[in-house]
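There are 8 protein chains.
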Amino acid sequence: MNEFRLDWERAGRTGTSEAVLCEPKSAAQIDAIITHATELGQRLLLTRLGLRKFSRLSVRARDALDYDAVTRTAILGELPPARGTGRVAIVCGGTSDMPVAREAARTLAFEGETATLLADVGVAGLWRLMERLDDIRRHRVVIAVAGMEGALFSVLAGLVPCAVIAVPTSVGYGVAEGGRTALNAALASCASGLAVVNIDNGFGAAHAALRILGEAPRDSV
Amino acid sequence: MNEFRLDWERAGRTGTSEAVLCEPKSAAQIDAIITHATELGQRLLLTRLGLRKFSRLSVRARDALDYDAVTRTAILGELPPARGTGRVAIVCGGTSDMPVAREAARTLAFEGETATLLADVGVAGLWRLMERLDDIRRHRVVIAVAGMEGALFSVLAGLVPCAVIAVPTSVGYGVAEGGRTALNAALASCASGLAVVNIDNGFGAAHAALRILGEAPRDSV
Amino acid sequence: MNEFRLDWERAGRTGTSEAVLCEPKSAAQIDAIITHATELGQRLLLTRLGLRKFSRLSVRARDALDYDAVTRTAILGELPPARGTGRVAIVCGGTSDMPVAREAARTLAFEGETATLLADVGVAGLWRLMERLDDIRRHRVVIAVAGMEGALFSVLAGLVPCAVIAVPTSVGYGVAEGGRTALNAALASCASGLAVVNIDNGFGAAHAALRILGEAPRDSV
Amino acid sequence: MNEFRLDWERAGRTGTSEAVLCEPKSAAQIDAIITHATELGQRLLLTRLGLRKFSRLSVRARDALDYDAVTRTAILGELPPARGTGRVAIVCGGTSDMPVAREAARTLAFEGETATLLADVGVAGLWRLMERLDDIRRHRVVIAVAGMEGALFSVLAGLVPCAVIAVPTSVGYGVAEGGRTALNAALASCASGLAVVNIDNGFGAAHAALRILGEAPRDSV
Amino acid sequence: MNEFRLDWERAGRTGTSEAVLCEPKSAAQIDAIITHATELGQRLLLTRLGLRKFSRLSVRARDALDYDAVTRTAILGELPPARGTGRVAIVCGGTSDMPVAREAARTLAFEGETATLLADVGVAGLWRLMERLDDIRRHRVVIAVAGMEGALFSVLAGLVPCAVIAVPTSVGYGVAEGGRTALNAALASCASGLAVVNIDNGFGAAHAALRILGEAPRDSV
Amino acid sequence: MNEFRLDWERAGRTGTSEAVLCEPKSAAQIDAIITHATELGQRLLLTRLGLRKFSRLSVRARDALDYDAVTRTAILGELPPARGTGRVAIVCGGTSDMPVAREAARTLAFEGETATLLADVGVAGLWRLMERLDDIRRHRVVIAVAGMEGALFSVLAGLVPCAVIAVPTSVGYGVAEGGRTALNAALASCASGLAVVNIDNGFGAAHAALRILGEAPRDSV
Amino acid sequence: MNEFRLDWERAGRTGTSEAVLCEPKSAAQIDAIITHATELGQRLLLTRLGLRKFSRLSVRARDALDYDAVTRTAILGELPPARGTGRVAIVCGGTSDMPVAREAARTLAFEGETATLLADVGVAGLWRLMERLDDIRRHRVVIAVAGMEGALFSVLAGLVPCAVIAVPTSVGYGVAEGGRTALNAALASCASGLAVVNIDNGFGAAHAALRILGEAPRDSV
Amino acid sequence: MNEFRLDWERAGRTGTSEAVLCEPKSAAQIDAIITHATELGQRLLLTRLGLRKFSRLSVRARDALDYDAVTRTAILGELPPARGTGRVAIVCGGTSDMPVAREAARTLAFEGETATLLADVGVAGLWRLMERLDDIRRHRVVIAVAGMEGALFSVLAGLVPCAVIAVPTSVGYGVAEGGRTALNAALASCASGLAVVNIDNGFGAAHAALRILGEAPRDSV
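Residue numbers (the numbering used here), protein chains in the order written: chain X, 740 to 960; chain E, 740 to 960; chain Z, 740 to 960; chain P, 740 to 960; chain V, 740 to 960; chain F, 740 to 960; chain C, 740 to 960; chain A, 740 to 960.
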């Protein structure tokens, strides 16, 4: 019996390619998936693939992948030519939130979308955000990435009219509660119309952005 | 000292008119806000205004409002002419979720957007959802409203390529935990790209939809 | 046996007069305390005394009290002459947070401190906060009162060098969790040096401010 | 003093053989239990026996066991001849849920029941579930294994009339909360009649299935 | 637009008739559902219909219903002839758990199954359970109903080989946490093979029992 | 079928008389229990019987009971002659904790034990506790009753060598979390050997004290 | 500055010797404490001293200690002659709970009390508990140690009249929640008069037992 | 693109120098920040820099830092001359709380403030606190550091009139819940006017103290 059935039809149905969440899978399972996709000539995005698990993959699989340790993502196959540029901005609260922000950027790139990445514009130093505001407003979708108390989400959504996707991160300690506080802050924001994804889910934010941009092929679903 | 400062500039900044969350405000405060807005000739959307509190408002305020007890919303001023139609679908899991779904519809109407409302298409009877799928796919944004275990969010997002905004509701008992379970289900969904708002927040979902549609005036922010 | 022993010595020990938390006490208990204090000629601050319970007190007790229904506080005895002015600013996120902000102001007044109260300066409309910033900075202590996601705390603490006391309020619904989210946001803030008190605890914030101002008689403790 | 008393009578009382939960036990304790069972000629199912702890057992114990690292189970003694086949289906949401699904299958095999295992039929790609539906319906008991938001439980229970046992898994991150969200989703399901066991408890689901099949000897209890 | 679509096909698909969870629905919605079902000549089970809401239904609806205030259930239409008897035992921990136990019994009766109800056999007085044990063992399915710490579930499942469905109730205070403690106790039980449903969900337990008994028509799904 | 079976044998088995937790029971159920006990000439302690529910009992039941609204307890039958005196001290943190403290005292009296009650000796005014210390130490068992942060438990247990039973109360608001914080403080105390009971459980504390005093008849169990 | 001040007077005040919780202390801190105690000729009980940290202590410290890896306890100095025997029974639910049970026994031994230890008498096999009941009843204090759902506490307290101290353990997974479920079960027990200590706190249970036995010197406090 | 933007202006705005929270940052990121600060000749305080991560920094970075493994802090640049002395007391509940207490002391030193550190004055041995009381009262600000049940906060705040900042620590196990219980105890304290910071946040407490002392340059903000 086969343990997995890759959802190649999913691209048709929802407009995105197949992605593999690696954290809960064994190296053997991931190896098998890569082999299978390679045989079919399918592209693959692997997320939450830690360095330790990556190094336990077969040489063949490792060679086939474009791996990035910081974002824990790997790409099988070529990146498509850039379909869109300047439509998505990724605004990052602090240096510590960068891996999640970059995971979103890489997920977008895998689907042909080039995002603008703005680093370290947290609210503790509000001027850093303020001086980038005009730049941010030019984008149709803003992905905001922040941990700790997540005040960035409210401040940003109060200042720009774009679609804003909040990605709370697990950065922080004590009552930050692994991202729970930033998540709840995004959901309970006094600035209306924020759209929120799971903690540390840069991948999901990128997919939400793609849905918003209408880049999912409509007819095939 | 004045207890409130209506944010008339907010419309310019983020593209939406002023809304007033009534639940934590006293009848006296709400009366004062309505009087102030009336004097300025400003439109106002009041949310979470329960029947009991509404009946404690001044006669003048009550007369000025278009009140709807089911959604606990009231509108001061005229509805704008419909700016857009057929762009937003509101899909509702069960009869019990209808007040939240209708709050979203009314919020959209307040901004000139006419939504399509599909009732009682929960996953316990999957055929009810399936036979509406083609209709749903025609919209750019889908607002999904569901309580209990919130399975509707994953099923729907796996079937349509549109932007999907999940509104978990507080419908259910025991471990439904006032909407927490549906909320977490939306955030932890195996279908990627779901955008989530606070529990019972039909208002917020509508605003997120407006941001996605680009109906927020860009230049004035 | 007497059910209570008023801590008249506490004023000596910690620099504040006696306060009575009324919520968990019966009307009979509160009546007895007021009678006892009246006999001794002692001043008393009663907090969390709801209108319904107040109306169940004896006529004599009600007549003796200066009651304020909005803040649910009552004062027995005269207010002292103003000892200090312009040292404490109370910054209030939204109209709904005003009862808590006013509870703080009234507690300070009970101890002879006149606070500056700034209403409705939440972060959804950042300009409202920005234009009051110079005024706020002139105070030694700032009490910030906000509910929902509590972003005000971080923004404010990032902008002023004063001692900042955060009072999270129970304003909000769903994941606002009765003030828990605003509380955690204050504690996990990326702006350092915030001091936090319990949810809706305007009384406690006022006492913290008095301790900071050194208005507690030092030698008698 | 002996630290354990194997419950050989339990088989008589409740119809299942002795099982040993190894996670909270030391290697020394497990070794002693195996020695004792070997002396008595008793069969034993060991669960949650990680590879690291297994490798710390005595050579003798390791040799006596049929160990499976993926499911972290070990069997002492022979498997009984297959008593029943085609009565239990195990439906598995994703590749990552397979270890738990296989733990259930192995527990059933230890009691002579051969289960049908269907892999990777999660709801994100609903067609994978739909095309297996006729097969699933042929079984008396369906064990559904899923993590993340656990939407599979509701969808499945809405489509088949069999007894459905939901096993939420700890697959997922952030608000998946180690399986809590999938667990609550199963318990709060809008599809009625779901029976639920503890997170990752494939063993318990198998035992529930055996109770349902009436394979526990009735007269001896 | 119609706010509800009764799932008359559900009976065919999953073997049970239509049930309506009334708690989150308005009296107007319930009235409409009853009218609709009456027109179609369909039977209906209404659950969690409190006395206050029942009394707000139309006279016509009230007259059509067989209402029971203790269990908060109402039945529209005739009870079917008893299909099965002596197959399901309902074991109830304390007097306070009786409404939930009776809700299960009534739900079974609605489907033609007559259950044996054993009251007040909690573990604080173990002899009460012990002397009923032979009686309990004669049934194929045991529904155990208990609140507080839920010790009954483990004791019972350790003594009988039947399928055991645990229904935790919200009876208790403090750390009983509205049934959470009894629920977790059932799920974490040291006695294996317990199947658990949501807090106070006597209805769901009955449906699980019907699934186990195979009373859901298999061919029509 | 009888909904309850009073555990008259329990007195023999565990040394205490029958007690009835009234909160989750209906007035009809309580009436039936009182009638039954009266017929048998048995004494009964009823706890958590609110004034509203008491007033809904039959006149006959109300007349037969010695009811106390503050502690929400009622006694059926005579109090026994005082068996022990001066062995149990009940130390109460604040006026608001008195109902729980008195519930403990009344439960002890029902079993013939007269307790010493010390009111309002919380740690905010440490001198109040200090000057009663010699008195407290004379008792074999100390029941400490406190809400809010429960610091009394640690301070007291650090100062006296007696058996100390901590009863956390639900007094407090916000993070006091209905007694959870006081409960956890008692359990996590840096002073060793504290024994803890459920929130607001004065009844349980009294029973723990009776077990400690050995007043439960040993031979009859 | 000295980082610690051993509380040698505590023995006088509360009747127990000094104990050191090692888990949150560094090896350097523990070394310093042992050196200090050795110089003063004081006895010391060290708890939660893991094997890894023990092996990082100085040779001198390690040589001075009687270390037990299973219970993670170490004793500095001689055990006192047995003061009492047969007064405390320790009843242990499962093999996995033994380390906590033995920690209690060793703590008692450190104070001269010899406890009776009964292993593996959980409720899943109720006969194991039943056949030891007469033995258990002979003791004045029973320490019950159990994890998972903690049903042992209720069953035991319902059967014996002794003082019963419940020690919930962190044994279990999923909803066992590191001992939280067993803890809540003990506190919410339907059997009255249970006294509860923190999760895995065998040490605290032993101290509670000593307080109950009156072995704390009364006059010196 | 640069991943960080050091907030050199922050000193001007809020009166403190730049601090870097190292826990969620990679060694590479920290190296880059140190290099950048060195080039600009800026001082830097690094917090939560574990020994393992410190040892992975470049030799150059390690040489440039004054590292302290116990507090996990490192200082780049010279300490300023002591600006103030004897104004801040740090009171530490137990030996295990010392690393957090020392983090506060070191943060103050980085800003030129010399604190008085009082170790091991927990409430289990109240005399240790009592004999230091006069010393403590001489300071304007008291930072109280305690874990477990955090009773120290209430006792201390009830005895001194100074500004009291509570730092709950993660010391403890079971229901201590990683510091949550001590945190809630501080926030729910019966002693009024306590100001609270996040769990283990010695750094934040020091900054709160500096704000209170008015050491943040006012004019530059």
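Fair warning: there could be bad hints in the mix.
[As the list claims (entries may be wrong)] Sample of chain A residues with no beta-carbon within 12 Å of chain F, all distances over it, derived:
(1) Gly-816
(2) Gly-823
(3) Leu-933
(4) Val-935
[What the hints assert, rightly or not] Partial list, derived from the structure: chain A residues whose beta carbon lies under 10 Å from chain F:
(5) Pro-819
(6) Ala-821
(7) Gly-825
(8) Thr-855
(9) Leu-857
(10) Gly-861
(11) Ser-893
(12) Val-894
(13) Leu-922
(14) Ala-927
These are computed hints drawn from the structure, not numbers from a lab. Note that CB positions come from ideal geometry on N, CA and C, so glycine has one too.
Okay, the hints, checked on the actual structure:
For Gly-816/A, the shortest C-beta to C-beta distance to chain F comes to about 39 Å, beyond the 12 Å cut-off, and the non-interface label holds. Against the 12 Å criterion, Gly-823/A stays outside the reach of chain F, whose nearest CB is about 30 Å from its own CB. Not every CB of chain F lies more than 12 Å from the CB of Leu-933/A, the least distance being 10 Å, so the non-interface label is violated. Not every Cβ of chain F is farther than 12 Å from the Cβ of Val-935/A; the closest lies at roughly 10 Å, contradicting the non-interface assignment.
A distance limit of 10 Å between C-beta atoms decides the matter here; for Pro-819/A the minimum to chain F is near 37 Å, and the interface restraint is violated. Interface hint status for Ala-821/A: violated, as the beta-carbon distance to the closest one in chain F is roughly 34 Å, over 10 Å. Annotation: Gly-825/A was flagged as interfacial toward chain F, and the flag is violated, the nearest CB pair being 26 Å apart, outside 10 Å. Proximity of Thr-855/A to chain F is violated relative to the hint, the smallest CB-CB distance being about 22 Å (cut-off 10 Å).
Hint status for Leu-857/A relative to chain F: violated, with the closest Cβ pair at about 17 Å, above 10 Å. For Gly-861/A, the suggested interface contact is upheld, since its CB lies about 6 Å from the closest CB of chain F, less than 10 Å. A least Cβ separation of about 4 Å between Ser-893/A and chain F falls short of the 10 Å threshold, and the interface hint therefore holds. Look at Val-894/A: its Cβ gets to within about 6 Å of chain F, closer than 10 Å, so that hint holds up.
A distance limit of 10 Å between C-beta atoms decides the matter here; for Leu-922/A the minimum to chain F is near 8 Å, and the interface restraint holds. Because the beta carbon of Ala-927/A sits about 4 Å from the nearest beta carbon in chain F, less than 10 Å, this interface hint is met.
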